[in-house]
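Participant: Put together the whole structure using the sequences plus the hints.
There are 2 protein chains.
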Amino acid sequence: MSKQRPYATLLAKGEDRKQRILDATQRLVVRHGWRGITLAQIAREAGVSPAGLLHHFASKEQLLHAALDARDAYDETHFQAGGDIVEQMSLLEARFREVPEQIGTYAVLLMENLDAQAPLHERLRVKQHSNVDQVAGEIRRGQSEGRYRTDIDPTAKAVEVMAFLHGVEAMWLLDPAISLPDVFLEYTATLIQRLAVPPAGS
Amino acid sequence: MSKQRPYATLLAKGEDRKQRILDATQRLVVRHGWRGITLAQIAREAGVSPAGLLHHFASKEQLLHAALDARDAYDETHFQAGGDIVEQMSLLEARFREVPEQIGTYAVLLMENLDAQAPLHERLRVKQHSNVDQVAGEIRRGQSEGRYRTDIDPTAKAVEVMAFLHGVEAMWLLDPAISLPDVFLEYTATLIQRLAVPPAGS
DNA sequence: ACAGACCTACTTTACGTTCAGTAAGTTGGT
DNA sequence: ACCAACTTACTGAACGTAAAGTAGGTCTGT
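In order, the protein sequence lines correspond to chains P and A. Counting in full-length UniProt numbering, the first sequence runs from 1 upward without gaps. Counting in full-length UniProt numbering, the second sequence runs from 1 upward without gaps.
These aren't lab readings, by the way, just hints derived from the structure by calculation. Wrong hints could be hidden among the right ones.
The calculated label-pair distances, taken between Cβ atoms and stated as ranges, are [what the hints assert, rightly or not]:
1) P:Pro50 - A:Ala116: 24 to 30 Å
2) P:Glu61 - A:Asp115: 19 to 25 Å
3) A:Val86 - P:Gly52: 56 to 62 Å
4) A:Thr150 - P:Arg35: 42 to 48 Å
5) P:Gln193 - A:Pro50: 52 to 58 Å
6) P:Glu61 - A:Gln41: 16 to 22 Å
Backbone N, C-alpha and C fix where the C-beta goes; we use that ideal spot for every residue, glycine too.
Facilitator: Written as structure tokens, this is what we have:
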């Protein structure tokens, strides 16, 4: 059919096409995992030939890193850390509704890179650690400001919070029918109740 | 026992090797994912040639199903459902220490089968649903017996519990340095506090 | 006319699977 | 006790396919 447009138009050139490749990559990775997709698939989704894709990214692995970098950059510009944990929680939940297509990228890649030799293992481990540290820091802050009770291990709680988020992400990806509002509301309530400073004596 | 079976000892040898293949499969799947391993790898680990492996299992995919079936059977004989949630929780935690090598099989496969067309998608979705139902049922039971407060949505809580377990599994697989006892203790305490019937008036 | 974008055609490698055949038991008849 | 027919377990080599990556050319806006 496309006989009069041999080269599918150059209007989507350069950075534009690059972005579309990155988007397609992210979308496909969530659904099929990194090992479950091929350059041909990504290329098709982005409207380019496999070789055309490799014109922008030197290799499949480099594309993966680029996609993750793009994702990190997006996160950094659209969400900043800090703020009350409860507040962060509802922000996270909103994300499931607002940008559902970018939920799960890290969760999927994590399970594909458990082995210490895996290409993303270290990157993901560091990120997980920093996430936990961040939440733990927020809890510690709340404790020192007297908003949270002090007999709670900030690290343990932080791991729990991250585990909940990670798990709910996984479960929702497998079955989007689960009611996120209910679950988030329930967990947030639990969190508030647990962290609240007990009213009086001992 | 069944000594009059036609080719008893020969078949026993087969079953033996079959089991070793199943074990190797499970071990490798956790580390590298299903798509990350080859028949050759599994075969080597089990001490056979790739062709020898296919003598016992018709295809790579059938091997996967067999490995999952074996896992399910193991679970069913070694752990029974029911019992207090808190109690179940410590049982689960013990498992991380006692049989660490079989932690993560489902978690890894889940992320590789998110797509509705994926071979294990339905199987995993059903299992997740039944897990949630089971926990929810246990909560409901506690509520009707007056042990748990009744203003909590059993399903939401059940999803939360499963999410926590799933998430902590993933995080531990990526970084076994996290302190499971602390995290489980903290979450269990939270759970108790949340489910406990409030002492008196409104 | 040049450079960047992109294509077709190709090479290479890896992997699942098949196949023909071998080794080692097992069984039942003599 | 022995042998022929049979069964299971397994190997080595080969095949087909799919996928990453390469070579070298073509198109298009500047």
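Participant: Which earlier hints turn out false for this structure, listed by number in ascending order?
Facilitator: none
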